[in-house]
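**Q** Okay, here's what each chain looks like letter by letter:
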Amino acid sequence: MKRQEKIRNFSIIAHIDHGKSTLADRLLEATKSVSTREMEEQLLDNMDIERERGITIKARAVKVSYEASDGEIYDLNLIDTPGHVDFNYEVSRSLSACEGALLVVDATQGIEAQTLANTYLALENDLEIIPVVNKIDLPSADIDGVRHEIEEVIGIPAEDCPAVSAKTGLNIGDVLEKIVTDIPAPSGDEDAPLKALIFDSYYDSYRGVVVYVRVVDGSVREGTKIKMMNTGAEFDVVEVGYMSAFGLLPAKELCAGEVGYITASIKSVADTRVGDTVTEVERETDEALPGFKEALPMVFAGIYPADGAKYPDLRDALEKLRLNDAALTFEPETSIALGFGFRCGFLGLLHMEIIAERLEREFNLDLVTTAPSVIYKVTYKNGEVKYIDNPANYPSPDEISLAEEPIVKGNIITPTEYMGGIMELCKERRGIFIDMKYLDKTRVELHYILPLNEIIYDFFDALKSRSKGYASLDYELDGYRESKLVKLEILLNLEIVDALSFIVHADKAYARGRKIAEALKENIPRQLFEVPIQAAVGGRVIARETVKAMRKDVLAKCYGGDITRKKKLLEKQKEGKKKMRKLGSVEVPPETFMAVLKLDDE
Amino acid sequence: MEKRLGIYIHVPFCIRKCAYCDFYSITDFSILTAYTDALIAQIRAFRPLARGYLVDSIFIGGGTPSVLPARQIGRILSALRATFRVSPSVEITMEANPGTLDAENLAGYREAGVNRLSLGLQSADDGELARLSRIHTRRTFEESFLLARLEGFRNINIDLMYALPGQTEQRLADTLSYAVALGPEHISFYGLKLEPETPFGKDPTIASQIPDEDEQYVMYLSSVHTMESAGYTQYEISNFAKDGMECRHNLKYWHLDEYLGFGPAAYSFFDGKMFSYARDVERFIMNATDLRLLFDEYTVPSEKELAAEYVMVGFRLRRGIDVADYAARFGDDFDARYAKKMKPFIDRRYIVKTPEGYRLSLQGMLVSNYILSEILEF
Numbered sequence: 001m002k003r004q005e006k007i008r009n010f011s012i013i014a015h016i017d018h019g020k021s022t023l024a025d026r027l028l029e030a031t032k033s034v035s036t037r038e039m040e041e042q043l044l045d046n047m048d049i050e051r052e053r054g055i056t057i058k059a060r061a062v063k064v065s066y067e068a069s070d071g072e073i074y075d076l077n078l079i080d081t082p083g084h085v086d087f088n089y090e091v092s093r094s095l096s097a098c099e100g101a102l103l104v105v106d107a108t109q110g111i112e113a114q115t116l117a118n119t120y121l122a123l124e125n126d127l128e129i130i131p132v133v134n135k136i137d138l139p140s141a142d143i144d145g146v147r148h149e150i151e152e153v154i155g156i157p158a159e160d161c162p163a164v165s166a167k168t169g170l171n172i173g174d175v176l177e178k179i180v181t182d183i184p185a186p187s188g189d190e191d192a193p194l195k196a197l198i199f200d201s202y203y204d205s206y207r208g209v210v211v212y213v214r215v216v217d218g219s220v221r222e223g224t225k226i227k228m229m230n231t232g233a234e235f236d237v238v239e240v241g242y243m244s245a246f247g248l249l250p251a252k253e254l255c256a257g258e259v260g261y262i263t264a265s266i267k268s269v270a271d272t273r274v275g276d277t278v279t280e281v282e283r284e285t286d287e288a289l290p291g292f293k294e295a296l297p298m299v300f301a302g303i304y305p306a307d308g309a310k311y312p313d314l315r316d317a318l319e320k321l322r323l324n325d326a327a328l329t330f331e332p333e334t335s336i337a338l339g340f341g342f343r344c345g346f347l348g349l350l351h352m353e354i355i356a357e358r359l360e361r362e363f364n365l366d367l368v369t370t371a372p373s374v375i376y377k378v379t380y381k382n383g384e385v386k387y388i389d390n391p392a393n394y395p396s397p398d399e400i401s402l403a404e405e406p407i408v409k410g411n412i413i414t415p416t417e418y419m420g421g422i423m424e425l426c427k428e429r430r431g432i433f434i435d436m437k438y439l440d441k442t443r444v445e446l447h448y449i450l451p452l453n454e455i456i457y458d459f460f461d462a463l464k465s466r467s468k469g470y471a472s473l474d475y476e477l478d479g480y481r482e483s484k485l486v487k488l489e490i491l492l493n494l495e496i497v498d499a500l501s502f503i504v505h506a507d508k509a510y511a512r513g514r515k516i517a518e519a520l521k522e523n524i525p526r527q528l529f530e531v532p533i534q535a536a537v538g539g540r541v542i543a544r545e546t547v548k549a550m551r552k553d554v555l556a557k558c559y560g561g562d563i564t565r566k567k568k569l570l571e572k573q574k575e576g577k578k579k580m581r582k583l584g585s586v587e588v589p590p591e592t593f594m595a596v597l598k599l600d601d602e
Numbered sequence: 001m002e003k004r005l006g007i008y009i010h011v012p013f014c015i016r017k018c019a020y021c022d023f024y025s026i027t028d029f030s031i032l033t034a035y036t037d038a039l040i041a042q043i044r045a046f047r048p049l050a051r052g053y054l055v056d057s058i059f060i061g062g063g064t065p066s067v068l069p070a071r072q073i074g075r076i077l078s079a080l081r082a083t084f085r086v087s088p089s090v091e092i093t094m095e096a097n098p099g100t101l102d103a104e105n106l107a108g109y110r111e112a113g114v115n116r117l118s119l120g121l122q123s124a125d126d127g128e129l130a131r132l133s134r135i136h137t138r139r140t141f142e143e144s145f146l147l148a149r150l151e152g153f154r155n156i157n158i159d160l161m162y163a164l165p166g167q168t169e170q171r172l173a174d175t176l177s178y179a180v181a182l183g184p185e186h187i188s189f190y191g192l193k194l195e196p197e198t199p200f201g202k203d204p205t206i207a208s209q210i211p212d213e214d215e216q217y218v219m220y221l222s223s224v225h226t227m228e229s230a231g232y233t234q235y236e237i238s239n240f241a242k243d244g245m246e247c248r249h250n251l252k253y254w255h256l257d258e259y260l261g262f263g264p265a266a267y268s269f270f271d272g273k274m275f276s277y278a279r280d281v282e283r284f285i286m287n288a289t290d291l292r293l294l295f296d297e298y299t300v301p302s303e304k305e306l307a308a309e310y311v312m313v314g315f316r317l318r319r320g321i322d323v324a325d326y327a328a329r330f331g332d333d334f335d336a337r338y339a340k341k342m343k344p345f346i347d348r349r350y351i352v353k354t355p356e357g358y359r360l361s362l363q364g365m366l367v368s369n370y371i372l373s374e375i376l377e378f
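Protein sequences, first through last, are from chains A and B.
Mapping of the first sequence onto the numbering used here: position 510 corresponds to residue 510, and the numbering continues sequentially without gaps.
Mapping of the second sequence onto the numbering used here: position 141 corresponds to residue 141, and the numbering continues sequentially without gaps.
Extracted from the complex, chain A is given alone in its bound form (with noise of 0.2 Å):
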């Protein structure tokens, strides 16, 4: 047997909460990886965060071998997927990596948005797909109706594929031999010049950055000269070898088909972009892998350290997560109200939230973010185009002969009796309404034009909470579109506060300024004096709230013991107001620059 043929490249595919991650451990535990003992609860997830948020931000991979039922032994290689839209491109690549898929479907929840989506990104990259549904130990399981489901929607046979319990572990060998026996082996000329797809990478500060490929064609080996095609940079190669599920284990070379990892004391994961191919400089193939795309930001937000001392530890953090995440941007940035920061760009909100988090939590810095805005493109008078992130940046309304904002093609699955609440949502946030199409009696599948500047401000929260948690959406991007946009700004103490404005819809700037106020003035504490709080589009105010003044703090009384705990309370205190930032003479908390955001309009 050719070795090729007793490989198999594989992901899953799987809805949030769907079960992946579990199905994943099972996989590894039956065959043998893993003993159960040893195993951490989901292996694949190893960051903190995607563990706590439940999804998976980086693809993974681990190669395993199993004893298939034919007696042969076979090498599984499972490359995970990131499971969010902000991560689309991501997942097309790791993909492309694989010959076939695991398509996960809660057999109590059946198919949704996300799913919906990767399936097609499947299906578009020619990959077999093995249904399976999870969670049958579950009482309101409907395995038929879900399968049903598959064939109606998907339009692939599902009348035989497994039913499994990845919890309980039911079933499991099923989608083993289902992997050996459906899925493709790759089929890669071995002696062509090499051809590798790049699927993910990583910063090791001992390795340099440690690249996930999938090789296509010829292989690599210790010494091998290679070559981006996308980014043109060369190295030597340093190592090469296997994820298993305990760890990098180098091997001799990769060959055609392999799943594996090269490392060649690479500095930056900007010279190993997702998507890329990697060849031979001395013999380069004839034509890049296709589909390459630079990731780019598409929202964008300053982020400010609470202490402005900082501003290096965050310039040095960002530089560091960069190293790891090559579709984070950024720049610095002066904001009157928040003093030095950074611009910074990314794939989208949960993205945004993610690199936020781990600067607070790994490298234990405090953070004023300022609120999301996308990319506006602004034609001025005199024929100038430009593109504006920075709602500060943007011109007064007598500069510009065209305005326009990002739009996005969204496809919301949900329960038929949410899809009165959903589509006033949509048209609330000036979706177009395009079509749609019943999935099943139960579930239909709406599709709109929505602006992007729409979908980052709480748009998700709103749509769980229309339709119970049960819609779900996804997106991509559709160019631009002519727009009404203002820009809407915010004043505090009669002090335009530069940091706090941004760029609205104008039909919606009066409803928009008018919570903003009232969420602004939730937020601020009382000063010792009076604060207004203005919202204001052109010059002309818009909406007007007040903070009144502080007359009164707890007078506690303070005996001997109580001594300690004042002492305790001022500390704390002072804790506090060292988070606030200073807007001109008013302190606010550093939560407010979010907390406007949150306008939820329930």
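In short, the hints are calculated from the structure, not lab data.
Hints may contain errors.
[Claimed, not checked] Straight-line alpha carbon distances no greater than 20 Å define the calculated PhoX-like cross-link-like pairs of lysine-lysine that follow:
1. A:Lys386 / A:Lys227
2. B:Lys202 / A:Lys567
3. B:Lys341 / A:Lys577
4. A:Lys293 / A:Lys227
5. A:Lys574 / B:Lys242
6. A:Lys508 / A:Lys484
Given the structure of chain A, go ahead and fit chain B onto it with the hints provided.
**A** Just chain B now, kept in the frame of chain A:
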């Protein structure tokens, strides 16, 4: 010269816990005598450390000290006199709850040496008293107060509270005029603070019934006005007294003078150390003389910490900070350290210059936490 010392005795027994109170107390009276014995043993154990001190104030607090029979109070005071040199003009305060007092025990306390009573009225409104789960009514309070007068107590404090759930300005004003009409020598006037480990603190509906900041502001100012007009001078944020009747013991806390506490949960600032005992009567009884087994906190504050604490408590006083005294005690220049930080508050008249130094204005006292957290460095 002898150093002055205040003594605090904690009596952690109550007939029933009040809904707002988080002072340490228990309701099991079977160990009263054992407790008194333990207290006395602990007091005696301090004999080697008592040299060089003159006790000029003793404060018996609680809990409800008046659940102790006069004989036990007498034993405790005798033990103190046997251990420490006690000034002939010592102030001996005992807290007492109306409803636990009668002519007999009042006479007994007086005979034992108690010369100042602190009576918890809190409110003159029976509805509010019930709400606070106090054990007395306005009427029983009045009886206790008059009995104390008849038994010869010439120095009585009344504790009052404001910012109670559902309290109106009018009802507070009634409480104030009632208390003032009784003519005590001293009034303590506290804002209710919701403590997490109390029934009030745990009841999520209470917070919303408490008068808001603006109402409390008016309550405080009008109450200060009522008391000042009736001859009670405000000498501390929450304390008012007729001339010369300030509580000597409590002044020690605000002057950061030395005080020594006995009993579970008692605090001490003694010989440069600050320490407190665990809130556990049984442990106290078992180990009364082995302090190591009782300590809850024990610190030796630095000079700098002490200086900051001096400022923290000093600003509670109407007379404020005496910069010369500050310099003498800590060898530090108050103006150099604080002038810049105080400036915005001085500009807005929250802090006022005095001949001796600085004090908070009435407006400043109202936002004292804010001001102190701004200017202090611990």
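**Q** Given the hinted pair A:Lys293 and A:Lys227, is their Cα-Cα distance within 20 Å?
**A** holds (17 Å)
**Q** Is it true that the CA of B:Lys341 sits at most 20 Å from the CA of A:Lys577?
**A** holds (15 Å)
**Q** Is it true that the CA of A:Lys386 sits at most 20 Å from the CA of A:Lys227?
**A** The given pair, whose Cα atoms are some 35 Å apart, is violated under the 20 Å limit.
**Q** Verify the proposed pairing of A:Lys508 with A:Lys484, using a straight-line Cα cut of 20 Å.
**A** holds (10 Å)
**Q** Please verify whether B:Lys202 and A:Lys567 have alpha carbons no more than 20 Å apart.
**A** violated (24 Å)
**Q** Taking only the CA atoms, is the gap from A:Lys574 to B:Lys242 under or equal to 20 Å?
**A** Status violated; Cα separation ~36 Å.
When held up to the earlier numbered hints, the structure conflicts with 1, 2 and 5 and fits the remainder.
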